[in-house]
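Asker: First to last, the sequence lines map onto chains A and B.
Each residue of the first sequence is one higher than the last, beginning at 80 in the numbering used here.
Each residue of the second sequence is one higher than the last, beginning at 80 in the numbering used here.
Think of the hints as simulated: they come from the structure by calculation, not from any bench.
If you're wondering where the values come from, they're calculated on a predicted model, not measured in any experiment.
Among the hints, erroneous ones may be present.
What the hints assert, rightly or not - Capping the alpha-carbon separation at 25 Å, the derived lysine-lysine pairs in BS3-like fashion look like this:
id: 1; chain 1: B; residue 1: Lys351; chain 2: A; residue 2: Lys128
id: 2; chain 1: A; residue 1: Lys133; chain 2: B; residue 2: Lys336
id: 3; chain 1: B; residue 1: Lys133; chain 2: A; residue 2: Lys319
id: 4; chain 1: B; residue 1: Lys209; chain 2: A; residue 2: Lys351
id: 5; chain 1: A; residue 1: Lys130; chain 2: A; residue 2: Lys231
id: 6; chain 1: A; residue 1: Lys218; chain 2: A; residue 2: Lys314
id: 7; chain 1: A; residue 1: Lys301; chain 2: A; residue 2: Lys342
id: 8; chain 1: B; residue 1: Lys231; chain 2: A; residue 2: Lys126
id: 9; chain 1: A; residue 1: Lys163; chain 2: B; residue 2: Lys351
id: 10; chain 1: B; residue 1: Lys218; chain 2: B; residue 2: Lys341
id: 11; chain 1: A; residue 1: Lys341; chain 2: A; residue 2: Lys319
id: 12; chain 1: A; residue 1: Lys351; chain 2: B; residue 2: Lys128
id: 13; chain 1: A; residue 1: Lys299; chain 2: A; residue 2: Lys209
id: 14; chain 1: B; residue 1: Lys128; chain 2: A; residue 2: Lys126
id: 15; chain 1: B; residue 1: Lys130; chain 2: A; residue 2: Lys351
id: 16; chain 1: B; residue 1: Lys209; chain 2: B; residue 2: Lys231
id: 17; chain 1: A; residue 1: Lys351; chain 2: B; residue 2: Lys126
id: 18; chain 1: A; residue 1: Lys163; chain 2: A; residue 2: Lys209
id: 19; chain 1: A; residue 1: Lys351; chain 2: B; residue 2: Lys218
id: 20; chain 1: A; residue 1: Lys126; chain 2: B; residue 2: Lys126
id: 21; chain 1: A; residue 1: Lys163; chain 2: B; residue 2: Lys133
id: 22; chain 1: B; residue 1: Lys126; chain 2: A; residue 2: Lys128
id: 23; chain 1: A; residue 1: Lys282; chain 2: A; residue 2: Lys231
id: 24; chain 1: B; residue 1: Lys342; chain 2: B; residue 2: Lys363
id: 25; chain 1: B; residue 1: Lys351; chain 2: A; residue 2: Lys131
id: 26; chain 1: B; residue 1: Lys363; chain 2: A; residue 2: Lys351
id: 27; chain 1: A; residue 1: Lys130; chain 2: B; residue 2: Lys351
id: 28; chain 1: A; residue 1: Lys231; chain 2: A; residue 2: Lys341
As a plain string of letters, each chain reads:
Number of protein chains: 2
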Amino acid sequence: MSFSLTILGNNSAVPAFGRNPTAQVLQLQGEQFLIDCGEGTQLQMAKFKVKKSKISHIFISHMHGDHYLGLMGLLTSMGLLSRKSEIHLHGPALLIDIINLQLEASHTELPYPLIFHPLGDDRVIAETEKITVSSVRVKHGIECWGFIFREKKNPRRLLADKIRSYQVPHAVFETLQQGGDYMTEDGRIIPNTELTEAHEPAKSYAYSADTIFDLSLAEKFKGVDMLYHETTYLKDQETKAGERFHSTTIQAAEIAKRAGVKKLLIGHFSSKYDDLRTFAIEAKSIFENSELALEGTTYWVS
Amino acid sequence: MSFSLTILGNNSAVPAFGRNPTAQVLQLQGEQFLIDCGEGTQLQMAKFKVKKSKISHIFISHMHGDHYLGLMGLLTSMGLLSRKSEIHLHGPALLIDIINLQLEASHTELPYPLIFHPLGDDRVIAETEKITVSSVRVKHGIECWGFIFREKKNPRRLLADKIRSYQVPHAVFETLQQGGDYMTEDGRIIPNTELTEAHEPAKSYAYSADTIFDLSLAEKFKGVDMLYHETTYLKDQETKAGERFHSTTIQAAEIAKRAGVKKLLIGHFSSKYDDLRTFAIEAKSIFENSELALEGTTYWVS
Numbered sequence: 080m081s082f083s084l085t086i087l088g089n090n091s092a093v094p095a096f097g098r099n100p101t102a103q104v105l106q107l108q109g110e111q112f113l114i115d116c117g118e119g120t121q122l123q124m125a126k127f128k129v130k131k132s133k134i135s136h137i138f139i140s141h142m143h144g145d146h147y148l149g150l151m152g153l154l155t156s157m158g159l160l161s162r163k164s165e166i167h168l169h170g171p172a173l174l175i176d177i178i179n180l181q182l183e184a185s186h187t188e189l190p191y192p193l194i195f196h197p198l199g200d201d202r203v204i205a206e207t208e209k210i211t212v213s214s215v216r217v218k219h220g221i222e223c224w225g226f227i228f229r230e231k232k233n234p235r236r237l238l239a240d241k242i243r244s245y246q247v248p249h250a251v252f253e254t255l256q257q258g259g260d261y262m263t264e265d266g267r268i269i270p271n272t273e274l275t276e277a278h279e280p281a282k283s284y285a286y287s288a289d290t291i292f293d294l295s296l297a298e299k300f301k302g303v304d305m306l307y308h309e310t311t312y313l314k315d316q317e318t319k320a321g322e323r324f325h326s327t328t329i330q331a332a333e334i335a336k337r338a339g340v341k342k343l344l345i346g347h348f349s350s351k352y353d354d355l356r357t358f359a360i361e362a363k364s365i366f367e368n369s370e371l372a373l374e375g376t377t378y379w380v381s
Numbered sequence: 080m081s082f083s084l085t086i087l088g089n090n091s092a093v094p095a096f097g098r099n100p101t102a103q104v105l106q107l108q109g110e111q112f113l114i115d116c117g118e119g120t121q122l123q124m125a126k127f128k129v130k131k132s133k134i135s136h137i138f139i140s141h142m143h144g145d146h147y148l149g150l151m152g153l154l155t156s157m158g159l160l161s162r163k164s165e166i167h168l169h170g171p172a173l174l175i176d177i178i179n180l181q182l183e184a185s186h187t188e189l190p191y192p193l194i195f196h197p198l199g200d201d202r203v204i205a206e207t208e209k210i211t212v213s214s215v216r217v218k219h220g221i222e223c224w225g226f227i228f229r230e231k232k233n234p235r236r237l238l239a240d241k242i243r244s245y246q247v248p249h250a251v252f253e254t255l256q257q258g259g260d261y262m263t264e265d266g267r268i269i270p271n272t273e274l275t276e277a278h279e280p281a282k283s284y285a286y287s288a289d290t291i292f293d294l295s296l297a298e299k300f301k302g303v304d305m306l307y308h309e310t311t312y313l314k315d316q317e318t319k320a321g322e323r324f325h326s327t328t329i330q331a332a333e334i335a336k337r338a339g340v341k342k343l344l345i346g347h348f349s350s351k352y353d354d355l356r357t358f359a360i361e362a363k364s365i366f367e368n369s370e371l372a373l374e375g376t377t378y379w380v381s
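Just chain A, same shape as in the assembly (with noise of 0.2 Å):
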């Protein structure tokens, strides 16, 4: 089962030292979703080669540009590409008032549909085949929002010899891949055990978005398999990164140990470091499975 995000942009605020505003493209097979969306995202996407027609939804977390400038661009180039299938577009209020602000002052006309959801209370917001969202909101200077993302999995998967030989009919699937046993026309119990096998557990993966250092994320973000959770500053600037609303390695990587994640990729650094070294050994002082999240670099969910 493919579950990846590829970083498209680590930096917070001013672009610095070549490095680009926060956007990320997580993929489930063949299923795209973009979280938040940095001035320059498009060309980041040429440049790793995301293809930008494969993306169903977008979800932008707060309203400051470094997580938004870039997304009036990707959507008018996918309309000149001719795009027709729709995109689910997922933000703060205020962002469709702008982006309709800015296809009236272009007289443009997308030749495909937008289909806008305000973020509002903790909920889900989007469900595919095969993933479902949430929204959480965060703490930050202005309303901003993480999301997580769920894999939908069935807990048992069939097996396909098995089904032909027993002849089951496609009614009964959704009985057996919940776990259910299987009655043949003639009366036998075929049990559950015989014709499934577990699937490996649904993965997850959750955003912080832009937040101060909230214990109460690590409840929500409890178990998740991947956390991406914001480090604007090292340690020695915890005092700023509180009144920046904003986090550092080490609050990041309580978050992570607290929460019980598998993994924690960190990021939104902040402009003024040009190494990122001490980012990485910080985070893992207190949580042994953390990473950098570096641009251009796919990281598995597992």
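Following the hints, complete the assembly by docking chain B onto the known chain A.
Answerer: Chain B only, in chain A's frame:
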């Protein structure tokens, strides 16, 4: 006299083949003017070591995204870098509404004065110590303006040693620079040629923005030293160019020839072209001193 143009982006519409949307920086001694500001302009400025802090005036030709979507990021980055000096922004009237809505959405107050000047009729729109800038309406799918930058120069330059030896007072400097003679306190006439020498002629640069082939532009750009004219398409796409309010190589070169400019720079290449060499060949077939506008390259206005 340093008067030069640095290309930051030379592509049209959708970024392609590593080429960026339109942006260029005109430099005249210490002054810097940004002309259009496609997505990623601040990243291109960093790459080519153009200092954001030196930009005093920004000119946006029209509201197609490939000409302005980098502006919001640039303006906010200037704010985050604690800029204090004012920026004069010239653009279509709707531009300031889009900026204000985006500032509101991010709860941002710029720490420097942003002075907006809506474009309108053809006229002088900006004047500094060293340059005057005029707007020129061009014909495109939406309202669009080109710009002409003219160096300001007095016809005559003072000869410092002579000014000292005759003890010429400051009050008459301007008269001398304009070609007048000097009468000493005791009534002697010192001819202008003894106190001054001729300046090199003032230089000029014109930017066509996006435009359909329009012969009236040859009159408006008459005699400029360097003309940037868009060439979205090669000559075999003349019909498509016309339908989309763009120009071909041959058409751009024809305007340059009729306007009697010294040098033609061509750019705004369509995303369908990878190899640009044919653009130069076709333009040169009509106007010999034609050159491709290449990203990261500086062209001298001379």
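Asker: Look at each hint and say if it fits the structure.
Answerer: So, going through the hints one by one against the coordinates:
1. B:Lys351 to A:Lys128: holds, 18 Å
2. A:Lys133 to B:Lys336: violated, 46 Å
3. B:Lys133 to A:Lys319: Judged against 25 Å, a Cα distance of about 29 Å means the pair is violated.
4. B:Lys209 to A:Lys351: Not satisfied, since the Cα-Cα distance of roughly 35 Å exceeds 25 Å.
5. A:Lys130 to A:Lys231: holds, 23 Å
6. A:Lys218 to A:Lys314: holds, 19 Å
7. A:Lys301 to A:Lys342: holds, 12 Å
8. B:Lys231 to A:Lys126: violated, 43 Å
9. A:Lys163 to B:Lys351: Measuring from Cα to Cα gives roughly 20 Å; hence the hint holds.
10. B:Lys218 to B:Lys341: Answer holds: Lys218 of chain B to Lys341 of chain B is near 24 Å, not above 25 Å.
11. A:Lys341 to A:Lys319: violated, 29 Å
12. A:Lys351 to B:Lys128: Holds - the C-alpha atoms of Lys128 of chain B and Lys351 of chain A are around 18 Å apart, at most 25 Å.
13. A:Lys299 to A:Lys209: holds, 21 Å
14. B:Lys128 to A:Lys126: holds, 22 Å
15. B:Lys130 to A:Lys351: holds, 17 Å
16. B:Lys209 to B:Lys231: holds, 5 Å
17. A:Lys351 to B:Lys126: Within the cut-off at roughly 17 Å; holds.
18. A:Lys163 to A:Lys209: Judged against 25 Å, a Cα distance of about 22 Å means the pair holds.
19. A:Lys351 to B:Lys218: Given pair Lys351 of chain A, Lys218 of chain B is violated - Cα atoms ~45 Å apart, limit 25 Å.
20. A:Lys126 to B:Lys126: holds, 16 Å
21. A:Lys163 to B:Lys133: violated, 43 Å
22. B:Lys126 to A:Lys128: Measuring from Cα to Cα gives roughly 22 Å; hence the hint holds.
23. A:Lys282 to A:Lys231: Roughly 8 Å separates the two Cα atoms, so the pair holds.
24. B:Lys342 to B:Lys363: holds, 11 Å
25. B:Lys351 to A:Lys131: Judged against 25 Å, a Cα distance of about 17 Å means the pair holds.
26. B:Lys363 to A:Lys351: violated, 47 Å
27. A:Lys130 to B:Lys351: holds, 17 Å
28. A:Lys231 to A:Lys341: Judged against 25 Å, a Cα distance of about 19 Å means the pair holds.
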